[in-house]
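Below are the chains, spelled out letter by letter.
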Amino acid sequence: MTSLPKNHLSEMETTCETLLHELQVIWDEIGESDPEKDKMLLELERECLEVYRRRVDQSNKRRAQLRQAIADSEAELAAICSAMGERPVHISQSNQNAGGLREELKAIAPQLEEMKKRKAERWGQFLEIIEQIKKISVEIGHSDYNSSDIALDQSDLSMRKLEELTMRLQALQKEKSERLKQVFDYLKSLSMLCEVLGLDYKETVSGVHPSLDENEGSKCISDDTIVRLECAIDSLRKVKIQRMQKLQDLATTMLELWNLMDTPIEEQQLFQNVTCKLAASEHEITEPNTLSEDYISYVEAEVLRLEQLKASKMKDLVLKKKTELEEHRRRAHIIGEVGCETEFPIEAIEAGAIDPSLVLEQIEAQIAIVKEEAFSRKDILERIEKWLAACEEESWLEEYNKDENRYNAGRGAHLTLKRAEKARNLISKIPAMVDNLEAKVTTWENERGTDFAYDGVRLLTMLEEYTILRQEKEQERKRQRDQKKLQGQLMAEQEALYGSKPSPSKPLNGKKTPKNTGVPNRRLSLGGAMNQHSKTDIAHSNRAIRAAKKADEMGTLSPVSRGLDIAGLTVRKLSFNATSNNTSRESEVLRKPFSQVKPGNQLAPTTPVSKPLASIPADIEEENRPPKTVPIIASKTPIAAPSPSPMQVACTPAPVALKFEEENIKLSPEVEFSFEERRLALYLSR
Amino acid sequence: MSAAPVPLGSGGKELSKPPTDGISNLRFSNHSDHLLVSSWDKTVRLYDANANVLKGEFLHGGPVLDCCFHDDSSGFSACADNTVRRYVFGSGKEDILGRHDAPVRCVEYSYAAGQVITGSWDKTLKCWDVRGASGPEHTLVGTYPQPERVYSLSLVGNKLVVATAGRHINVYDLRNMSQPEQRRESSLKYQTRCVRCYPNGTGFALSSVEGRVAMEFFDMSETAQTKKYAFKCHRKTENGRDIVYPVNAMAFHPIYGTFATGGCDGYVNVWDGINKKRLYQYSKYPTSISALSFSRDGRLLAVASSYTFEEGDILHEPDAIFIRSVNEVEVKPKPKTVPAPS
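Going down the list, the sequences are from chains G and B. Positions 1 to 686 (the UniProt record's numbering) are the ones given, in order, by the first sequence. Positions 1 to 342 (the UniProt record's numbering) are the ones given, in order, by the second sequence.
Read the hints as simulated data drawn from the structure, not as lab findings. Where hints are given, some of them may not hold.
Stated by the list, open to error - Under 7 angstroms between C-beta atoms, here's a sample of chain G residues computed to sit facing chain B:
| id | residue |
| --- | --- |
| 1 | Leu-250 |
| 2 | Thr-252 |
| 3 | Leu-255 |
| 4 | Gln-648 |
| 5 | Val-671 |
| 6 | Phe-675 |
Cβ coordinates follow ideal geometry from the N, Cα and C atoms, glycine included.
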């Protein structure tokens with residue numbers, strides 16, 4: 001470079017000199033004055049200088065530009081390096097380098113280029129990572145990871161930052177996978193719940209988030225979705241628990257009903273899977289459809305069916321149990337405390353007034369009591385059986401002994417003879433039997449503090465009765481013997497007188513011993529026994545009937561006969577005063593206490609019915625029933641138990657005095673008013 | 001009459017704050033021991049019989065002739081101002097179900113039909129549906145003319161027995177009210193005071209003003225009808241005169257099916273209708289027995305001792321309600337001592 005411009009300069013110098021020379025010549029020729037010449041030369045020189053100066057300026061400017069470019073490049077390089085976190089190695093070197101500025105620039109340029117390339121690459125990496133982070137963030141739904149946070153900041157592109165971001169990305173990826181797993185878990189449990197509850201899984205899931213029910217493809221894993229999933233699971237679980245409890249309730253009821261009605265196993269098998277879940281907890285129920293609405297309503301329907309069956313069966317059951325109770329009682333010869341209809345009223349059950357199961361329970365309790373009692377009575381009952389059997393034999397023997405032809409040889413006579421012999425043997429044991437029984441019963445009664453009743457009659461009474469009857473019979477027999485003896489004497493006398501024997505005849509005394517002397521009618525009360533032989537009593541009471549009848553007739557007279565002494569006397573007699581005094585007992589005998597209203601039911605009264613007085617108003621005359629049907633008859637079996645007094649069922653005619661204004665109901669039957677109506681009339685008039 | 005054991009001592013616990021005029025009826029609730037009492041002092045009162053507490057008073061436009069429970073918290077009343085009302089005890093709210101043309105004598109509520117049945121002196125029976133609470137024109141189910149003024153009603157299951165003046169008895173089936181199932185004449189010769197159905201639903205008892213009670217059966221077959229009978233009660237012989245008292249009230253024991261009668265003689269008798277026995281006679285109450293009610297379990301018997309105006313406007317004992325705890329012996333049927341030989 002140096003050589004070339006020198007040549008140029010020398011050439012230029014030469015040309016300048018020649019040109020000057022030429023100019024001198026020209027000027028000389030022109031004859032320019034010297035000052036002019038000088039002036040011209042000076043101008044020339046100045047122009048030259050001007051040109052130089054311009055050149056220098058230009059070069060100078062150029063140098064400065066170069067320097068600037070280098071500095072810029074270096075600065076850029078340094079900036080990139082610092083951004084990339086790398087040390088700028090070459091800058092100081094280039095300063096000492098004397099290769100000229102252009103060289104220097106040239107040297108820096110590739111470095112810069114290189115760095116720029118690297119930076120761009122790095123930036124690409126950053127962008128990629130940030131892009132991913134953003135994507136995941138959006139998926140997760142973190143609001144804090146929005147783009148402003150990771151601004152496109154190019155000042156820091158160091159590896160550290162990159163690593164940082166990568167870690168962040170990894171963390172996010174991990175979170176995402178965790179969330180995915182969670183979502184899948186939830187979906188799984190959701191699907192199980194749906195299965196158990198019989199719900200449509202797809203529908204449920206798409207209700208939570210539409211992306212969830214697609215088999216492939218990304219699932220939404222945002223917080224919101226997870227929360228909603230949780231909610232869905234929670235609510236389904238609640239539904240499940242609710243249904244499970246319902247099902248278990250139903251199962252319990254079902255078991256009770258099965259138990260109650262002895263439902264066959266085959267029928268139970270159908271619902272085995274229900275009842276086996278009776279004690280299961282919520283998570284143990286996993287079988288599909290066990291808690292679906294259809295299934296529950298199916299079970300419900302079954303329970304309802306059983307319930308209805310129960311309602312219809314309950315009556316049968318109660319009846320069955322009742323018969324069972326009756327049977328137990330019958331066997332133990334205990335009289336039910338109540339007529340059974342009222343004890344356990346079937347009709348009330350039908351009407352729904354009483355819970356049948358309650359009645360059933362009561363009956364069962366009763367059965368238990370009766371059983372227990374029967375057990376305690378067993379020993380005594382066996383003895384009673386024996387005694388009764390013996391009594392039966394006794395009565396048979398009695399009859400047999402009366403048979404005049406008993407020794408006539410006939411078919412089977414030897415058997416009866418044998419039986420009679422056996423019976424005699426047995427009868428001889430009866431007193432001991434009775435004593436034994438009495439002792440047993442007494443201890444039993446003392447132990448339990450109650451009377452030992454046999455078919456409602458106290459056994460001791462029966463035994464006493466039997467003893468009395470036996471004694472009576474004994475006396476009777478004795479009397480008969482005496483009579484026979486007397487007859488024998490009479491016959492002997494007659495024989496002595498007339499010399500002939502009278503034909504064998506029956507004893508003059510035609511009195512027949514009561515048939516049941518042998519077997520004491522166990523239902524016969526003491527009073528009955530007393531009444532049995534009392535012929536006179538009956539005659540007596542007949543008279544009493546007549547009197548009573550009359551009294552009743554008098555009663556019909558109502559106000560007219562009020563105060564009549566005779567009526568009063570007899571009416572009082574009619575009162576059911578079961579005192580020990582004889583008259584009143586008699587009068588009690590008059591009335592058959594339980595006589596039905598039906599006319600045909602009564603024994604015909606022997607006394608004629610006197611016609612009522614003509615003065616009686618017609619409506620009083622005929623009372624509830626015509627007087628003919630008035631059931632006033634001598635009762636053969638007066639009431640034995642003194643405690644509950646019988647109702648005055650007998651339909652005596654009109655009362656003697658009414659405790660209210662008679663005209664109201666009698667004299668003007670058309671304008672009959674109740675007390676309340678009259679009271680209201682008075683109330684309103686006040 | 002003295003054959004039955006006559007207990008000594010009081011007639012039971014007397015309720016405080018009794019009505020100030022005649023007690024027309026009282027009833028125990030089917031759910032508790034609450035007692036509803038209607039009275040001539042225009043008031044229906046609600047008592048807790050156990051606690052002896054007056055729980056509510058409901059004033060009416062006229063004397064209240066009958067009342068009954070709806071459920072434990074509400075009830076119906078039959079008023080002499082021709083009106084049938086429903087009361088909610090808790091709030092004291094009053095609904096008018098409707099009106100008759102004359103004083104309403106009796107009211108019953110049928111759980112089976114969900115209807116209120118009222119009988120009135122206007123010679124009609126009316127059924128009201130309380131479930132359709134949409135105004136009076138919808139509440140009235142039907143009006144059924146009766147031969148005479150209605151004096152007493154009783155319900156069992158779907159059977160309704162109506163006793164009217166003139167000794168008419170009509171038996172209805174609630175499911176078909178268009179006409180009576182049976183039309184009968186009372187077998188008693190005198191005015192009917194009270195009719196009550198047997199709890200087992202087989203028949204009913206009638207009582208008359210002339211000291212007599214008839215036991216009747218629904219079944220019209222001959223075998224069933226032979227079982228019916230009548231008996232005398234609430235009578236007294238004094239100085240040679242028979243004094244006969246009206247039988248105002250009857251109440252069946254819900255468990256044993258025995259029943260109590262109350263008369264103007266102030267006595268309450270307990271009877272066993274099956275065995276035809278008088279089981280018990282309680283000691284005399286101060287004045288006429290106007291109403292009786294057993295509690296739902298039959299452990300309590302409410303007795304209204306209140307002059308029933310049989311002798312007109314005279315001086316009389318104050319009105320009182322006695323709550324008697326019932327001993328089993330008093331109401332349990334006794335077996336027949338002479339059963340029919342089998």
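These are the hints, each one checked on the structure:
no.	hint	verdict
1	Leu-250	violated (27 angstroms)
2	Thr-252	violated (26 angstroms)
3	Leu-255	violated (29 angstroms)
4	Gln-648	holds (4 angstroms)
5	Val-671	violated (10 angstroms)
6	Phe-675	holds (4 angstroms)
The structure is inconsistent with the numbered hints 1, 2, 3 and 5, although it conforms to all the rest.
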